[in-house]
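S.K.: All chains should be modelled from the sequences, with the hints used to inform the complete structure.
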Amino acid sequence: MMLRKHVTNAAKRLQQAGIHNTEALADAELLARHVLDWDRSTYLLRNHEPPPTTFDTAYAAIIERRTAREPVSLITQQREFWGLDFSVKPGVLIPRPETELIVETAIDLFSDRINTKLSIADIGTGSGCLAVALALEFPNSIISALDTSATALEIARNNCVVHSVTDRVRLLENNFETWLSSRSSPLYELDLIVANLPYIPQGTIKTLSPEVQNYEPHCALNGGPDGLLLIRKLLTLAPTFLSEKGFLLLEIGEAQAPALQEILESIPTLVLNGFRSDLQGIPRTTIIERSNPS
Numbered sequence: 017m018m019l020r021k022h023v024t025n026a027a028k029r030l031q032q033a034g035i036h037n038t039e040a041l042a043d044a045e046l047l048a049r050h051v052l053d054w055d056r057s058t059y060l061l062r063n064h065e066p067p068p069t070t071f072d073t074a075y076a077a078i079i080e081r082r083t084a085r086e087p088v089s090l091i092t093q094q095r096e097f098w099g100l101d102f103s104v105k106p107g108v109l110i111p112r113p114e115t116e117l118i119v120e121t122a123i124d125l126f127s128d129r130i131n132t133k134l135s136i137a138d139i140g141t142g143s144g145c146l147a148v149a150l151a152l153e154f155p156n157s158i159i160s161a162l163d164t165s166a167t168a169l170e171i172a173r174n175n176c177v178v179h180s181v182t183d184r185v186r187l188l189e190n191n192f193e194t195w196l197s198s199r200s201s202p203l204y205e206l207d208l209i210v211a212n213l214p215y216i217p218q219g220t221i222k223t224l225s226p227e228v229q230n231y232e233p234h235c236a237l238n239g240g241p242d243g244l245l246l247i248r249k250l251l252t253l254a255p256t257f258l259s260e261k262g263f264l265l266l267e268i269g270e271a272q273a274p275a276l277q278e279i280l281e282s283i284p285t286l287v288l289n290g291f292r293s294d295l296q297g298i299p300r301t302t303i304i305e306r307s308n309p310s
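Counting in the numbering used here, the final residue of the sequence shown is number 310, and the numbers go up one at a time with none missing.
To be clear, the hints were calculated from the coordinates, so they are not data collected in a lab. Hints may be right or wrong, so weigh each one.
[Unchecked claim] Simulated pairs of lysine to aspartate or glutamate, DMTMM-like, Cα-Cα distance not exceeding 25 Å:
id, residue 1, residue 2
1, K133, E116
2, K249, E260
3, K105, E170
4, K222, E260
5, K249, E116
6, K105, D124
7, K222, D242
8, K28, E86
9, K261, E120
10, K222, E114
11, K28, D55
12, K222, E170
13, K105, E227
14, K105, D53
15, K261, D242
16, K105, E189
17, K105, E86
18, K261, E153
19, K249, D183
20, K222, E80
21, K133, D53
22, K261, E227
23, K249, E227
24, K21, D72
25, K261, D124
26, K105, E80
27, K261, E205
28, K105, E45
[Claimed, not checked] With beta-carbon atoms standing in for the labels, derived distance ranges:
id, residue 1, residue 2, range
29, H64, S127, 46 to 54 Å
30, K21, I123, 28 to 36 Å
31, E65, R129, 17 to 25 Å
32, G290, M17, 51 to 59 Å
33, P106, W54, 23 to 31 Å
No residue lacks a Cβ here, since even glycine has one placed at the ideal position from N, Cα and C.
M.R.: Here it is, written out as structure tokens:
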């Protein structure tokens, strides 16, 4: 049987498991390439050939995992973010394309300070994707990357090694409330805080896709009753630790922009500078600046 027939058959199985047609075909191809260790060009050149004899068993096993709705990124243990490959494993949130908006926004805000020694904090670093991307885009920056999960920090540490930023990314197992409130905090007067904190309302987690609900850590998803529990706490603490013209970039969920605006109205030293929307037009990245009250 030709390789492309194997892929077509696998895609049909994935569709039967509830995976959308287009996604099913893309996943079936990607997983075939993963088994063969081929890039897409090689696959397109050789998909009319029969695969090696060892292919069938290995491919069947990972297609079975995908029919159970295990995310492709956890099967391959890899996810692309900002054009970079990141290791991902169970226990860490899989990087999302919309989170790249935080990196884009940071570059725009600090375009005249790219080579400055910026002090940056990444709150809830997870796989380290934001910390690594920012370290590469701002080559003289020092970044403190916090997470409460030892598992996530181990994965982040590996990603920092792979991308050669261990000298500028400090990984800290701590919650941001303790770290920011501590006088012995390793950084003070932060130029930039980035945070992709949990923002899913607790009551809606059960409505998420099986890939998210069953395979990703709920501690990285559950944002409390309205999804803004930790975000509200961070907004309260941030003004004390941001530099005079420092910025805070937050990722938020659908329909949370009005509630965030209301919270900010009670914090006079923080000014909302706007939102960046994802490809669906949903406001995702919140741009907040520290400003002295008049």
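S.K.: Confirm or reject each hint.
M.R.: Results for each hint:
With a CA separation close to 22 Å, the supplied pair K133 and E116 stays within the 25 Å bound. A threshold of 25 Å between alpha carbons decides the hint, and for K249 with E260 the separation of about 20 Å falls inside it, so the pair holds. Among the hinted pairs, K105 with E170 is consistent with the structure: their alpha-carbon atoms are about 10 Å apart, no more than 25 Å. Distance hint between K222 and E260 is unfulfilled; the C-alpha atoms sit about 41 Å from each other, more than 25 Å.
The hinted pair formed by K249 and E116 meets the criterion: a straight-line CA distance of about 23 Å does not exceed 25 Å. For the given pair, K105 sits about 31 Å from D124 by alpha-carbon distance, which is inconsistent with the 25 Å threshold. Restraint check for K222 and D242: the C-alpha separation of about 15 Å stays at or below 25 Å, so the hint holds. At roughly 17 Å between alpha-carbon atoms, K28 and E86 fall within 25 Å of each other, so this suggested pair holds.
For the hint pairing K261 with E120, the CA-to-CA distance comes to about 18 Å; that is within 25 Å, so the pair holds. In summary, the hint linking K222 to E114 is supported, as the alpha carbons are separated by about 22 Å, within the 25 Å threshold. A hinted pair counts as satisfied when its Cα atoms are at most 25 Å apart, and K28 with D55 qualifies at roughly 23 Å. Distance hint between K222 and E170 is unfulfilled; the C-alpha atoms sit about 28 Å from each other, more than 25 Å.
With a C-alpha separation of about 13 Å, the suggested pair K105 and E227 falls inside the 25 Å cut-off, and the hint holds. For the hint pairing K105 with D53, the CA-to-CA distance comes to about 19 Å; that is within 25 Å, so the pair holds. Taking the CA atoms of K261 and D242, the gap is about 29 Å. The hint is violated against a cut of 25 Å. With a C-alpha separation of about 18 Å, the suggested pair K105 and E189 falls inside the 25 Å cut-off, and the hint holds.
Taking the CA atoms of K105 and E86, the gap is about 12 Å. The hint holds against a cut of 25 Å. Distance check on the hinted pair: K261 and E153 sit about 20 Å apart at the alpha-carbon level, within 25 Å; holds. Of the supplied pair hints, the one linking K249 and D183 is violated, its CA atoms being roughly 30 Å apart against a limit of 25 Å. For the hint linking K222 to E80, the alpha-carbon distance of about 23 Å falls within 25 Å, and the restraint holds.
At most 25 Å may separate the alpha-carbon atoms for a hinted pair to count; K133 and D53 exceed this at roughly 40 Å. At most 25 Å may separate the alpha-carbon atoms for a hinted pair to count; K261 and E227 exceed this at roughly 40 Å. In summary, the hint linking K249 to E227 is not supported, as the alpha carbons are separated by about 29 Å, beyond the 25 Å threshold. The suggested pairing of K21 with D72 holds, with an alpha-carbon distance near 12 Å, which does not exceed 25 Å.
For the proposed pair K261 and D124, the alpha carbon gap of about 15 Å is at most 25 Å, so the pair holds. For the given pair, K105 sits about 18 Å from E80 by alpha-carbon distance, which is consistent with the 25 Å threshold. For the suggested pair K261 and E205, the alpha carbons sit about 10 Å apart, so the restraint of at most 25 Å is met. Our distance criterion of 25 Å between C-alpha atoms is met by K105 and E45, whose separation comes to about 21 Å.
Evaluation of the 46 to 54 Å hint for H64 and S127 yields a pass: the beta carbon distance comes to about 48 Å. Here the CB-CB span from K21 to I123 is close to 45 Å, at odds with the stated 28 to 36 Å. Checked against the hint of 17 to 25 Å, the pair E65 and R129 fails, with Cβ atoms roughly 52 Å apart. For the pair G290 and M17, the supplied restraint of 51 to 59 Å holds, since their beta-carbon distance comes to about 54 Å.
The hinted range of 23 to 31 Å is satisfied by P106 and W54, whose Cβ atoms lie roughly 25 Å apart.
This entry does not satisfy hints 4, 6, 12, 15, 19, 21, 22, 23, 30 and 31, going by the numbered hints stated previously.
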